[in-house]
Structure formats: C-alpha cells, structure tokens
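From first to last, the protein sequence lines stand for chains A and B.
Everything in the first sequence is counted per this note's numbering, starting at 19 for the first residue and increasing by one.
Everything in the second sequence is counted per this note's numbering, starting at 1104 for the first residue and increasing by one.
Worth double-checking, as some hints may not be accurate.
Claimed, not checked - To be clear about the criterion: a stretch of chain A counts as covered by chain B if any three or more of its residues have a C-beta under 8 Å from a C-beta of chain B, and this derived list gives those stretches:
hint, stretch
1, 207-214
2, 230-244
3, 319-333
4, 381-395
What the hints contain is simulated information worked out from the structure, not anything from laboratory work.
Yeah, the Cβ is synthetic: ideal placement off N, Cα and C, and Gly gets one too.
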Amino acid sequence: MSRLSQAQLRRLTAIHGWSGITLGLLLYTVIATGTAAVFGGEIGRWSAGGIRAADPLEVPIDARIRAAATQVDPSHLDDIAIWAGEGRDIYAFFHTQAENPGTGAPDDLGTILRLDATSGEVFERNEGFIWDQPAAWDGSALRRFLVDLHVQLYMPTPWGLIVTGILGLAMMAAVISGLLMHRHLLRDLFVAERPGWRLVSARDRHVLAASWSLPFAFVLAFTGSFLSFASTVGFPLLASIAFGGDDEAMSAALFEPPVAEDATPAPLADLDAILADSRARAPGHVTFVEIARFGRADARVHVWHDPAAGGVLYVTNLYDGAAGTFLGRQPQVGAAPSVGGTLYGLMYPLHFGHFAGIASRIVWGALGVALCFVTLSGLHLWTRRRAGAAVWDGFARSVDIVAWGLPLAMLAAAWGFLLSVPAADPFVWTPRSFVAGAAAAIIVGIAAPDRGSLLPRYRRLLGMACLGLPILRLAAGGMSWADAILHRQPDVLTVDILLLLAGIWFLRRRRRAGRLALEAAE
Amino acid sequence: MLPVVLAATAISTAALGHLASTDPKRRRVFHLPAPRRRHAGAAWAATLAPGAIVAVVSGAGGLFVWLGAVSVIGWALASARPRRATGLGGMVERFLTQTHE
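All chains, full assembly: derive it from the sequences and hints.
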C-alpha cells in the first residue's frame, strides 16, 4: 500500500515494535478494563441494583427535590445535580463552590442525598467535598473501580490521566506506523492465520485483527487521549492562555450561557413539567438534571438526554428555572452551534459507545476484545521473533501472565466486592481483592514449569471464578432470578447467565493449550 | 433503527463471506483452487452500500453501529480458516465456496 524505502520501513518497524513493547501491557490493561467499562451500567445494576419499574428520572421527582432542599444548608442551594442510581434511587447533590483544603483548588462542597424516587425516603446522606468520597455518589464500588482503572490506572489525579493520555498517543502511533508499514493491507484482508503455528502464523493473526480494527483503534485512541488530556492539559492551558488563568471565566464562556444576575427569591417552576417538556423535545432518556441558583429569579435548569434514535450527540435543553420556559438547546461548547463544538461533543459517545443503547455497547465491547487481541498478538509476535533469548522468553511469559491474570484479577475484584457488601466497605475491599487476584495470577504464572502449562491453569481459575460469581451474588443478598424475571430486570439475569456460560467455556476449552505448549517448545 | 442496522449488517456479512471465500491469496495460502468468478467490485459494493442506506435511514448512530459490527464480523470471517469455519460465517463461506469452485 505504502511506498517506503527499506530504511524508512526499518525505522517505522522499530517505532511500532518498541512503543508496543514498552507500553503494550499497560495499553492492554486500559483496553481490557475499558471493554468492561463499556458495560458499566450493566455491571452497576448487576452488582448493586435493586428492582425498579422505570428509570428513576422518568418518574415525578419535583416533590422529592423540594422536600430535600429543605433538609440542607441553604448555602448548598447554589447548584443541584440530580442523576439516577442503580435501582429506584436518585442522587441529589446540593452544593456550592469552595476551596478544597486537600487540593487547594476550588471544588464542589455540599450535601448529597440518595433518595427513593418513588417514596422520597432518604437512603443515605453525606456532606463535604463529595467527589473525594466515591461511596457517596456511586452505588457500585465494582463499577467505580473498573472505570477508575480504565480512566487513570487507579493512580492519583492528574498523573493517571496523563499516563492513559500517553498510552492513547502510543496507540495512535502504533496504528499509523502499522498502516504505513503494511504494504498489502487490502490484499491480506482475508488471509487467515496460516496453519503450522509458524512465525508467519503469528504475524497473520496480528495483521488480520489489526487491519480490521484499524479505524476504530484510531478513533478510540484519539478520543481516549483527548478525554485524558482535556482536563489535565487542554483546559488548564486554555484557561491560562485565553482567560488569564481564570477557570470560572473559561467555564462560563465554554459551557454556561451568560445570565443577568437576579437574586430576588422566586420559587422553582414545576420540575416535572420542565422534564416532560424536555422529553417532548428530545426523545432520549433523561440522564442528568442540573438546577443552578435554586429559589432565585435567575435560576436555570439544564436537562441532559441520551442521543435520540439514530443520533450520536447528547442533547442538553436549557430552561428558565423560575418561569419554567424553554430557552433553547445548549450547544456542546460556547453560545452557538459550531463545528468545533460538534467535534467536542462526539468525543464522549464515540469513546464510551453508549449512544445507541445496548446495540452500540455490544459492538464497542466486541471492538474492545478485538483491540485486546491486537495488542497481545503484537506482543506475542515480537517475543516469537526473539524466542530463545532468555530476556524475551521471560517477557513472553510476562505477557501470558498479564493477558490471563488481568481478567482473573478483575473477577477477583468482583468476588471481593460481593464478599464485602454485607459486612465491610466494598470501596476498600474491591481494589484490595484485585491486587490479591493479580498476585495469585503472578504466583501461578511463575510457579508453572513452562508456558504450555500456564493456559490450562488460568482457564481453570477463570472458569471457577466466573461460575462462582452468580452464586456469590445471590448469597450476598443480590436480586434473585425469580425477582429479576418477575420484575423484568434483564441486566442481572443476563450478566449471571453470561458468567455461567463463560465459566463453562473456560473449563471445557483446553484445545489451544497444546498449541501454546508447542510454541513454548519451539 | 435496530432492524435496519441488523438487516444491513446481514447483507454486508454475506458479501464479506463471498469476498473471503473467493479471495485469491487466501485460497492460494490454503492450497485451494482459484475461484472461477469473483466479482470483487460488486461484492465490495454490496458490502458497503448497506452502510449508505443505514446512514440515510438510521442516522450517524446507526452508521457507527453498522461500521463497528462489520469490522468485527469481517475479522471473525477472515480469521476462520477455510473448511473449518463454523456458524453463520462458515455456512456462508462454505455455500459460496462450493458455488464458485
């Protein structure tokens, strides 16, 4: 496809290979956890969800929010953020801005209530700088851990985001260099792995998966890198250059239309009527509601919606909070629709893949699996070419340990979460269990006499871990299958069945183990 | 949106199955006789045209879902070795291979 000199090709191969070797295992971790995070909603409802007849933001919530507003410090009524929990519950976060002594930066300080959207019963109440307390705003420690691992490798902010941003750049470099290196992309598009488990077979496997997933690899790497660098580098730089370091001025210019200040007390218009009107204008589910300056004449209500059928961009409708009148659709960025705003708006749905409900999530999950395969097959190809050298043989075993150990550690995190739910803090024990699972996977990997015997061991462990999870969930007081069927809660049942099928598949499938043994022998 | 995307994906899958089963290099690598007819242009058109229909009928969201699905299915079809392919891809491939040999 490309016409490069031998020297250029060698340089590109070196860039492609060495960037993959140095960052490949971390990249695999980010991609694998990202694949799980695509199903974050399902994981959340499976692990922590209760029975619900409708999405809690689809039922009347006006009376709940007004009642809750009387129970919080009046200074926390500057801003109210509302979103749905995993069951019939909603979170209502009443807050204002204050300097967080932990970071020295402005942060949201307030009171968060977890309410039953139907009865108004308060399940939980927390106060302070809420974003420092994940248990206050996320019902599932398991989902939170997997998402944190994907977003910032469970490292402190902003370092984790910078690392994942760099990984995104490395992935883009691998995609572009791979495209330029591969001279016969279209000609090889249907060439399956050649038999015989030769070096060329390993190359076929990597090239085939990489070729088919090329456009999405670039899109996911670009959007992921953008999302990582936006808050750590992009916006701070923009604030410094264009707004003299004033973050609030930048935020107002980019995301909040100007409002003439009017502190005159005025009751909030009927929130349910606002939400009904917003639904009529944007058919996608309501995902988030923000009420700015509650109880004042200059109150504004933002209503976020999932994209409508066939759409990709999220929709935000803006209302006058006191009058309840529709003020217009909020552009993604700035005061008027723009190409830049649309591109910015595309970053989130194209990375998360939940713009078309379960259909897009399944496809994005499958693409995630394909990219895991590309990463691992690339690492295997590199080590295969250098087989016999002690350092690369050791690295090949490390690749196997990480490849199989990561899913095992993720399952261990789920075990730790379910075991700790009844009696301990899942936000502490979920990450600890992941570490324990990873340590066990490493010990198994090191203790195995050769690489050929690794795979059957990992498969056995993975199979048992998968099969045990639904049983453990039920034992920990999770929703029964009868309730799930009776109340039409498909998430719980689907995840349980998939885990059972995966467990059976892992325990039964031993065929490829022999092939790995052959590779090790070679 | 979903029925249109599913139908378009099915048509693209069939066309990709044809392209895979009649691909000259793939057949050469696996020591299979060259197919008499391939009609690669028409097959590629049949693969990609449903995407245009999806874009018009189901919008950008449908187009991205179709594109992602075709990428994954294309990989799965191409990964399956000739004569060992199973499932829908295998059925399509076996049928087309027999037709074209």
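Here is what the structure says about each hint:
Check on the stretch 207-214 of chain A: 7 of its residues sit with their Cβ under 8 Å from a Cβ of chain B, so the three-residue criterion for coverage holds. Against chain B, the stretch 230-244 of chain A contributes 4 residues with a C-beta closer than 8 Å to a partner C-beta. That satisfies the three-residue criterion, and the hint holds. Here the stretch 319-333 of chain A counts 5 residues with a CB under 8 Å from a CB of chain B, which clears the bar of 3, and the coverage holds. Coverage of the stretch 381-395 of chain A by chain B holds in this model, with 5 residues showing a Cβ closer than 8 Å to a Cβ of that chain against a need of three.
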